[in-house]
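**Student:** Residue-level listing of the chains:
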Amino acid sequence: MQGQKIVSMLVDDGYLVNTVLLVVMAFIPVVFGMFASAKGWISSKLDVVWNGAGLTPSVILALFATAYVTITYGASSHDGWPAWLRLILGAGVLGLADGMFSGAVIGTRSVFAEETKQRYVQMAILRGEREFTNALPNVLPALIGQLRARILLMLSGVVIVEVVLDVVGIGSLLWSGTLKQDFGVVLAATFMFAVFSSVLLVLQALAEIALNIFIRYAPVEAS
Amino acid sequence: MRRAAWKSAAWTAAGASILGALVLASLAAPEFLSRPNLAESALLPFTGGPILGTDIRGIPITEYALQGAGVVTMPALVSALVVAFLAIVAGLARCAAISWADTAIQLFSELVGALPRLVVVLVVALAMPAEWRSLFPIGVTWALLAAPGAMDEAASTAGRLGGAKFVEALRAHGFTATRIYLYHIVWLNLRGVIVRQSADIMMQVVFLEIALSYLAESQQQPSLTHQDSTFSWARLLYDGYTAIVGGLPLFHELFVGITLVAATAFMAQAFRRGAQAR
Chain A
1 MQGQKIVSML
11 VDDGYLVNTV
21 LLVVMAFIPV
31 VFGMFASAKG
41 WISSKLDVVW
51 NGAGLTPSVI
61 LALFATAYVT
71 ITYGASSHDG
81 WPAWLRLILG
91 AGVLGLADGM
101 FSGAVIGTRS
111 VFAEETKQRY
121 VQMAILRGER
131 EFTNALPNVL
141 PALIGQLRAR
151 ILLMLSGVVI
161 VEVVLDVVGI
171 GSLLWSGTLK
181 QDFGVVLAAT
191 FMFAVFSSVL
201 LVLQALAEIA
211 LNIFIRYAPV
221 EAS
Chain B
1001 MRRAAWKSAA
1011 WTAAGASILG
1021 ALVLASLAAP
1031 EFLSRPNLAE
1041 SALLPFTGGP
1051 ILGTDIRGIP
1061 ITEYALQGAG
1071 VVTMPALVSA
1081 LVVAFLAIVA
1091 GLARCAAISW
1101 ADTAIQLFSE
1111 LVGALPRLVV
1121 VLVVALAMPA
1131 EWRSLFPIGV
1141 TWALLAAPGA
1151 MDEAASTAGR
1161 LGGAKFVEAL
1171 RAHGFTATRI
1181 YLYHIVWLNL
1191 RGVIVRQSAD
1201 IMMQVVFLEI
1211 ALSYLAESQQ
1221 QPSLTHQDST
1231 FSWARLLYDG
1241 YTAIVGGLPL
1251 FHELFVGITL
1261 VAATAFMAQA
1271 FRRGAQAR
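Top to bottom, those sequences are chains A and B.
Final position of the first sequence in the numbering used here is 223; the numbers increase by one with none missing.
Final position of the second sequence in the numbering used here is 1278; the numbers increase by one with none missing.
Note that these hints are calculated values from the structure, not bench results.
Built from N, CA and C at the ideal position, the CB exists for glycine as well.
Certain hints may be false.
Unchecked claim - Result set (DSS-like, lysine-lysine): computed pairs, CA atoms no more than 30 Å apart in a straight line:
id, chain 1, residue 1, chain 2, residue 2
1, B, 1165, A, 45
2, A, 117, A, 5
3, A, 117, A, 45
4, A, 117, A, 39
5, A, 117, B, 1165
Unchecked claim - If the Cβ cut is set under 7 Å, some of the chain A residues that face chain B in the computed set are:
id, residue
6, 156
7, 163
8, 174
9, 193
10, 197
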C-alpha cells in the first residue's frame, strides 16, 4: 500500500463502511438481548448457556465462520453474496463471542433487578402501572454506559474478525500496518478508532441529556 | 465445613490444578521443536506414536502444546498480579479514606476506557523493537487497560464494608493496622473480587496471545508475541483450520487446540466460582 492515500482507502475502498456495517450488525443481537432481558423474555436459567457461549474467544468462532465461507464459496470470494455473508457471520461472531451477548443479557437483568427493588417501582405496581416503563428512565444511564463499553469491546474484536474473515476494514488495516511497521497506516487507523470512541462519548452524553430533560418534564400532575 | 465452603474449595482446587499444570507445562517446554519426521506424518493421538499425535511434518503435538504454555503462562500470571495489585491498592485507598484516590481512579478509568484495548495493544506492539518481541509488554498493557474495572469493583466492595468507619471499628477492637488492612480487608473481604478479576485477566491474556498469533499465522507473518523459533497454541488452531478447509488429516490438532482454550476458560471459571463473594 505504498504511496496510496489512506483517506481514499478508508472512504473509496470501503474500509470505513465495512467496519461500521460490522459493528452496526453486531449491535443488533446485543440490543435485542438487552431488551429481551429487561422485558423478562429470557429466563435466568439460560444464563449458563449464555455464559458458556460467551467464554468462546472470537478467534475460534471466526475460524469456523471463515472455514464455512471458504469451503462453500472459495477462498477468494469477496464480491456479492459471499462478501455479505462474511460481514453477517463476522457480525454474529462479534455479537456472541467474548461475553458480548451474555454480558448484555445478564448485565441488563441485574441492573433491572436492583432497580425494581426500589419503593417507587413497587408503588407503581400497586397502582397497576408497568414495572418496565417505570424503571426504564432511571436505569437507562447505566444501560447506555454499559452499551458504550460493549461497543468499545466490539471495536477490539473487529480487528480479529476482519483479519480472520478476510473483510477489508479499519481493523484489518490497523493489523497490516502493525505487521509491516507502517506508522502512517497505524496512526490513521488508530485515529479512526479514536473518532469512533469520541462519537460514542458524545452520543452517550446526548442520550443522558435527553433523558434528564425527559425525567424533568415527564411527571404529569393529576388533575 | 459447610456445603458452600466445600464447593468453593473444590472449584478453587480445580482452577489451581489447571494453573499448576500450565506452569509445569511452561517449565517443561522445549526450546526448539523436534526435527521433522515425515515417516510419522499426521499421526492420530494414542496410536502408538507421541501421546497427542503428530502434525503433518511428524512433529509431536505435545511439543506445540508445551511451547504454547511456555509462551502464555508467565505473562498471563504477571498480568493477573498487576491487576490484583491495583485492585488491592484501590480497595485499601477507599478504606483509608484517601479522598483524591476515587477521583484518580475515575480519571484513570475514563482515560484508558475510552479506546478499544486491542488498538492500544497493537500500538504498543508496533512501538516494541523486534528483538524484544514477547507477550510480557502486551499482557501488562492489557492488564493496565483492564485494571480500572477491577479497581472500581474493589473500591466499591471496600466502600460497602463501611470504608474508614470499618477500619476505625476494628482499631477500637485493638487490632493492628497490618492485621486490619491485610487480613480483614484484603483477605477476608477483597479476596473474591481480586481472584475473580485476576483469573479473568489471565484468561483474556491467553486468548489475546492466541488471537494475535493466529492472525500472524494466517498471513504467514512473524508473531508479535514470541520469537519465530517458538510456536503458540494458535498454530494448532491454524492447522485445524487448514484441516477443515484443505481436507488434511489434522482434525486432532484442532481438537487439542480447542481443548487447551476450553481448559483455560474452565480455569478462569473455576477460580471465579471458588471466589464467590462472602
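**Student:** Which numbered hints turn out to be false for this structure?
**Tutor:** 1 and 2
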